[in-house]
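Chains as they are written, first to last, in my numbering: chain G, 1 to 628; chain D, 1 to 211.
Check the hints yourself; a few may be wrong.
List of simulated lysine-lysine pairs, DSS-like, C-alpha gap at most 25 Å [what the hints assert, rightly or not]:
#1 K146(D) to K540(G)
#2 K540(G) to K606(G)
#3 K542(G) to K146(D)
#4 K500(G) to K515(G)
#5 K495(G) to K515(G)
#6 K542(G) to K373(G)
Some chain D residues judged to face chain G by a derived CB distance under 10 Å, without partners named [what the hints assert, rightly or not]:
#7 E41
#8 A81
#9 V104
#10 G111
#11 F113
#12 A125
Quick look at which bits of chain D chain G covers, simulated, 3 or more residues with Cβ under 8 Å [claimed, not checked]:
#13 126-140
#14 169-182
The set of hints was computed from the structure by calculation and includes no laboratory data. Quick caveat: nothing in here was measured; it's all calculated off a predicted structure. We put the beta carbon where it would ideally sit given N, CA and C, even for glycine.
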Amino acid sequence: MSAAAQAKPNSRLLLSGNDAIARGVWEAGCQVAAAYPGTPSTEILEALSAYPDLYSEWSVNEKVSMEVAIGASMSGARAFCAMKHVGMNVASDAFMTQTLCGVVGGLVIAVADDVGLSSSQNEQDSRFWGRFGHVPILEPADSQEAYEMAQYAFELSEAENTPVIIRLTTRVCHVKALVTVGERRTRPIGGFHLDARRWVMTPANAKGMLPKQMEREARLRETAEGSAWNLLDDGRDRRIGFVTSGPAYQHVRESFPDAPVLKLGFTHPLPVEKVRAFKDSVDRLVVVEETEPLMENELRAAGMLDVHGKDILPRLGELLPSVLIPAIFRLRGEEPPPASTYPKIDPFPRPPTMCAACPHMGVYYCLNRLRRKVQISGDIGCYTLGAGTPWNALDTTISMGASMGIALGMDKARSEETKDKAVISVIGDSTFLHMGMQGMLDIVYNRGNVTTLLLDNRSTGMTGGQHHAGTGKDLHGNEAPRVDFARLVEALGVKPERIKVVDPYKLPVMFKAIKDEIAVPEPSVIITNQPCVLSEFYSKLKPYTVIDDACTGCGNCINVGCPAITVKRTAKEVRKTGVEAELKFVQIDTAMCTGCHMCVDSCGPKAIVTQDRTIAECAAVSGGCGGH
Amino acid sequence: MTDNIITNILVCGIGGQGVMTAAEILAQTAIARGLDVKKSEVAGMAQRGGVVTSHVRFGRKVFSPVITPGTADILVAFEVAEAARWADQLRPGGVAMVNTIRLVPPIVSTGLFSYPDDPVAQMRAAGVTVYDFDAGAIARELGDLKLVNTVMLGAISDYLPFPAAELEEQVVARFRARKPTLVEVNKRAFAAGREAARERAEGARPLAANS
Ligand SMILES: Cc1ncc(C[n+]2csc(CCOP(=O)(O)OP(=O)(O)O)c2C)c(N)n1
Ligand code: SF4
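Only chain G is shown next, with the shape it has when bound in the complex (with noise of 0.2 Å):
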């Protein structure tokens, strides 16, 4: 399937980042890889799924994954997790006492951090976990150099006795640029050798591995200054000379081509006295890093005190050539030169939409109809969406999987204004499979009153509609147990007989089963069970349509939400209150509608038919279809 696992050595390519990360790991002799989807590392485990003679898999969370990597390493195997940014916060506990025990075979960790926040929750910088867990930060520019990183990270690795981390940005992994493939090398798994000093972390056996980590960490200050990574690219220009790392260094080399850049890859340990040369050799040094003044703090700290950095660039988001430029011709006194552009046109926004016939728009619709009864703990995926137009039913997202134990908190914590108001929690099956389950079974375990919305859609939506343990494959595609969550919940606790599983695309099923479920005082799950249309387990039906005589123009229907139904014509109609009121007539188109029949229940009249029944129920509504 891709071209990059078929590539012969030394055949050029036009890899994305993630295609050449996966592609350097696999020619590293890696046997086992795993991950959970995360934008913007999705892809890496998906390109090394197309790879022969390794083992790879989508486990439940980047923890596992994480540990999944750990025991693989400490069995002699060289060993690859990937995660997104906020993985490593789900990741961190495991990866945290590995960097005292180390490793056998090579252990690296891609973590993709979103720059500029294009699909996350937050923006952090993931540079911070090399100085907490003492472990090196690698930091790729360009598809090629990802592809060569990872394949020194495993070296790395095993001859530092470490974890590597590799710190990617969403424009290394998003971004589609040459590389020079070579050859996969082979190497023997050794095996799982007992040595409780080093592999069982009790107090004990732990205190005696923090010096060896202490020793090791000024080792990888040494590898550091004298690594290849981190290499002068001169210029003329020495009136400002530019220490950078990642992708940034393509921003300030585009930006300002005479400049000296000192460029470093290897960024944890900071290679300090590399650094201070190259000060020495320039009129003024800026730190060019996105996003937090980590190289920047750790160069004041070592006495350099007159760097800048954070100063004149922004903190937040990517440090382009159009947020370069002015700041640095600002510092050097001048006038930044004028952006030659032409006036912006803001014409309206275009906001992600639910795709036609999402199962969870059934949910939120009719969430939005006991809008005033409830309030709404949220989660991660396509489902989030829902806190938007027209459902505005969705009032808190945090992090994956939290839906639940903020809805317990909230149950807890009632108002005089609250205390009637049911606590809803809403949550999708990857995500619930991810880090929803502890939160169910605290609801369960402390009695909490709490009905619990877990859209069953058979696929890990947001990412793309990657499998989990929930769909019944795995990341080949290959038939995998599929948990039962009806079965998983009610061995949390939850009662049988407040456990319902419900077709979103019945509206008035589904709204009697949240309105039943609001009303007793204890823990009450509803599982939907309509695929992703997106998925392969999503069958269409005949479209609809809207007979144009019977449509009333009441709108009811639009609030749905579904991207298939648009207003035709609006029309002005005083009502006998005397209220003027917008109707809208709408249309569905026959192109994006999968007949799920969601809509037909919302519409009053019975306007909207399958455009088979178009001409029988045409000529029983309006006397004839001749005009048509």
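Here the structure of chain G is known, so what remains is to put chain D with the ligands in place on it, guided by the hints.
Just chain D with the ligands, lined up with the frame of chain G:
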């Protein structure tokens, strides 16, 4: 690096329209020429009807993968309001090649925002050189709406720093391998797009000369 002339092409549209494929073909054409290429994708949550752009940059040596605002040589817009949204990315003298289809998002159809009456006129009023035509109509005439992609590539083929035939070859090569029956119709779509752009450019020239 004096002769390092970089070509910047910004492709924009909506999730599912083929923006990424068009950008990929442009990048592959440049590679076939022996050039260095970077292609940046900003998809956000593309499959759900959001804005999609892809930056294609090529030359002897490309550093930043991102086109700096005001430096795009060509804007290839698969949708007319998206063309307006990104028009300010063009450099003075750059060209916006625009498919005139209007894709109305729910946020508009539910009445929260309005769709501009004439985005092309807005762009022209801002001073942008716009060549607009209905690529969908051309594709439909040739029997397949999916040909829009090839039509748009044909349309910009006279504005690239290499012969149109090289771009055409990259388009066609994709089909030759997988669906040889579609080679001919893609060639026709490419030619039709090229012709449509020429007509628009010719229509624009006397105007420019008179004003
Ligand atoms: C810790 C963490 N890992 C990964 C992600 C990326 N991510 C966002 S939502 C999501 C899962 C969505 O799947 P599901 O819960 O099934 O909902 P759906 O999108 O299918 O509606 C993932 C993996 C994240 N935001 N945080
Ligand atoms: S990808 Fe699936 S879950 Fe996400 S909006 Fe589309 S149908 Fe819904």
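These are the hints, each one checked on the structure:
no., hint, result
1, K146(D) to K540(G), "21 Å, holds"
2, K540(G) to K606(G), "21 Å, holds"
3, K542(G) to K146(D), "22 Å, holds"
4, K500(G) to K515(G), "12 Å, holds"
5, K495(G) to K515(G), "18 Å, holds"
6, K542(G) to K373(G), "36 Å, violated"
7, E41, "5 Å, holds"
8, A81, "5 Å, holds"
9, V104, "6 Å, holds"
10, G111, "7 Å, holds"
11, F113, "4 Å, holds"
12, A125, "9 Å, holds"
13, 126-140, "holds (count 3)"
14, 169-182, "violated (count 0)"
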